[in-house]
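**Q** Next come the chains, spelled out residue by residue.
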Amino acid sequence: MSRSSVAGMIELEGLTKRYGEKVAVNNLSFTVRPGIVTGFLGPNGAGKSTTMRMILGLDHPTAGDVRIDGKHYHQLKDPLTYIGALLEAKAWHGGRSAYNHLLCLAQSNGIPRRRVGEVLETVGLTAVAKKKTKGFSMGMGQRLGIAAALLGDPRILMFDEPVNGLDPEGIHWIRTLMKSLAAQGRTVFVSSHLMSEMALTAEHLVVIGQGRLLADTSMADFIARNSRSYVRVRSPHRERLLDVLHQAGVVAVESGEGVLEVDGGKAEHVGELAAQHGLTLHELSPQQASLEEAFMRLTAESVEYHAHSGTSAAPPPPQQQQWGDGWKRG
Amino acid sequence: MAVPQVVRSEWTKIRSVASTVWTLSLVVVVTVALGMLISALSKNEFDSMNAQDRAEFDPTFISFAGMSLGQLAMIVFGVLVVSNEYSTGMIRTSLAAVPQRGSFLFSKIAVATALALLVGLVTSFAAFFLGQAMLGDHRAEIGDPGVLRAVLGGGLYMTLIAMFSMGVAAMLRSPMLSLGILMPFFFLISNILGNVDATKKVGRFLPDQAGSRIMQVVPPLDDDTPYGPWGGLGIMGLWVLAALIGGYVLLRKRDA
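The listed protein sequences correspond, in order, to chains A and B. Just so you know, our numbering puts 216 at position 216 of the first sequence, and the rest follows in order with no gaps. Just so you know, our numbering puts 196 at position 196 of the second sequence, and the rest follows in order with no gaps.
The hints are simulated quantities; they were obtained by calculation from the structure and are not laboratory data. Each residue gets a CB set at the ideal place from its N, CA and C atoms; glycine is no exception. Take the hints with a grain of salt, since some may be wrong.
What the hints assert, rightly or not - Below, a list of computed lysine-lysine pairs in the BS3-like style, where the Cα atoms sit at most 27 Å apart:
#, chain 1, residue 1, chain 2, residue 2
1, A, 77, A, 134
2, A, 90, A, 22
3, A, 179, A, 90
4, A, 71, B, 253
5, B, 253, A, 22
6, A, 77, A, 90
7, B, 253, A, 77
8, A, 132, A, 179
9, A, 134, A, 90
10, A, 131, A, 77
11, B, 253, A, 90
Unchecked claim - Listing some non-contacts, in silico: residues in chain A with all C-beta distances to chain B over 12 Å:
#, residue
12, 34
13, 54
14, 76
15, 78
16, 79
17, 85
18, 93
19, 121
20, 135
21, 164
22, 238
23, 268
24, 278
Said to hold, decoys possible - Label-pair distances were calculated between CB atoms; the ranges are:
#, chain 1, residue 1, chain 2, residue 2, range
25, B, 201, A, 27, 53 to 63 Å
26, A, 200, B, 174, 39 to 49 Å
27, B, 15, A, 225, 33 to 43 Å
28, A, 14, B, 249, 22 to 32 Å
29, A, 19, B, 4, 30 to 40 Å
30, A, 19, B, 148, 38 to 48 Å
31, B, 118, A, 121, 32 to 42 Å
32, B, 114, A, 135, 51 to 61 Å
33, A, 183, B, 238, 31 to 41 Å
34, A, 14, B, 225, 53 to 63 Å
35, B, 241, A, 75, 21 to 31 Å
Could you put the whole structure together from the sequences, leaning on the hints where they help?
**A** Structural data, given as structure tokens:
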């Protein structure tokens, strides 16, 4: 068996899925590596679930290729022992018990029966193992889906929007689980439409919008490149303050309602300059532009590029807007 | 993918849902009970029959009269076994576990068919013996010429009905759509097409019309059916084959 020598990689090459005129996934190429959590980020409708279904061989690509450890999904012997997946929607028969659901999956891949009890224990469903799954809450359903993913003790785990519909305790549990799976050297590929969620769990980031690859970068890089820090200043002597800052070689821009934004500046420096010139300040606060904002800028550009409408896309929404509100429509 | 693993998995699936038990129980109960009732009624009517009706009197076939209704439960069984995968979303989990779609579909069909054959044979023998008990003096014996063939054939007929339904459900995916087409077709339309003079020549090549020929021991006097009992079952088998191939081809091609 070559299993021990292979790395647990998912490799996409020019992966494309077209539904008639609509391009759901457009020429995606990237590699998911073991040992870290890779976040797969994009607005709803960006093509994340379609991509994951193609990785599992459920949907046929229109063009391109996706391989698991160098093989097509259908070439894997007992695929659940290579890659375990939690799919977005509930994907089991509600009239079957959790135990029997996992048992039939285990049998189909030659996985020993004791694993069923083990994974039920891991996800905390032992007490309801013999109950029909149609009575399960959303959170219990997610746990059952994760139990199925863990069943074959696979090198690769793929979770599609795992925190959807979970309570805070469940969300915390999934984050911890994903990190510990990655720490064991496994490949963890997790999709989300929430940047804030990814920032907490993922070390690497693959961003798509309108089916196109927008970024394939480490989380640290993404943060360094995209989180602009600036100082927010309000003063009744705005014009004079601008002059003072200009003379000191500090770049400041007006952002309306008497507010100045000093890019890359230190709050101490601005405060000292103002004091030297006897200028009153009403506000002096260091700010960090959110990752959400950066992400929204990224995906807004993809919308503009895709539409070919000639009109420029709307500017990114103002700062403190709730993350994700604008693009849940997709 | 090792096929025995998939067969075991499909057996776990089929035995762990309630619909299997209630559809197959209905097959037995409805077929046998209705067969006994009609056998009892036929016995009482025999004395008032004319000579031709008495010559065509087929006690074996009469005891299978309940199959016209019992087969509907068999259709529900066949449809649900396959379409449950789609209506519940289980199909994505199933195909991720068994990406060889042929192995998946035919293991499922093999398990369900074996169960249908078992239940079909039990039903057929029970309907025969209990029906004959109701017929009293006019009964047939299992050792009479053609009778054992008819009783075994009854079990095979029920099995093929289930298989045909599985093929249709694999093509259509939706349980409601599959049942909405199969139930009226086998309960009404096929009977009409097979008995109205204008459509008879075509109608008797329909799966149930052709297949049920094997349950007749005494053919009608003016019988001009162009096939025999096994020929009829063969025609039904071709329908089943076509439905299964259609289901397989579509399953292979489609996104799950």
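**Q** Does residue 253 of chain B pair with residue 77 of chain A here, judged by a C-alpha cut-off of 27 Å?
**A** holds, 21 Å
**Q** Mind checking the alpha carbons of residue 132 of chain A and residue 179 of chain A for me, to see if they're no more than 27 Å apart?
**A** violated, 30 Å
**Q** Take the C-alpha atoms of residue 131 of chain A and residue 77 of chain A, compute the straight-line distance between them, and say whether it is at most 27 Å.
**A** This hinted pair is violated, its Cα atoms lying about 31 Å apart.
**Q** Closest CB-CB distance from residue 34 of chain A to chain B, is it above 12 Å?
**A** Non-interface label stands for residue 34 of chain A: nearest chain B Cβ at 20 Å, farther than 12 Å.
**Q** Can you tell me whether the CB distance of residue 15 of chain B to residue 225 of chain A sits inside 33 to 43 Å?
**A** violated, 56 Å
**Q** Taking the closest pair, is the beta carbon of residue 268 of chain A still more than 12 Å from chain B?
**A** holds, 57 Å
**Q** What's the verdict on residue 253 of chain B and residue 90 of chain A, does the C-alpha distance respect the 27 Å limit or exceed it?
**A** holds, 23 Å
**Q** Between residue 179 of chain A and residue 90 of chain A, is the straight-line Cα distance small enough, at 27 Å or below?
**A** holds, 24 Å
**Q** Would you assess whether residue 76 of chain A, listed as outside the interface, keeps its beta-carbon beyond 12 Å of every beta-carbon in chain B?
**A** violated, 8 Å
**Q** Does residue 85 of chain A clear chain B by more than 12 Å, comparing its Cβ with all Cβ atoms of that chain?
**A** Violated, since 6 Å does not exceed 12 Å.
**Q** Taking the shortest Cβ-to-Cβ distance between residue 238 of chain A and chain B, state whether it exceeds 12 Å.
**A** Answer for residue 238 of chain A: holds, closest chain B Cβ roughly 59 Å.
**Q** Beyond 12 Å from chain B, beta-carbon-wise, is residue 121 of chain A?
**A** holds, 20 Å
The structure fails hints 1, 8, 10, 13, 14, 15, 16, 17, 18, 27, 30, 32, 33 (numbered hints given earlier, in ascending order).
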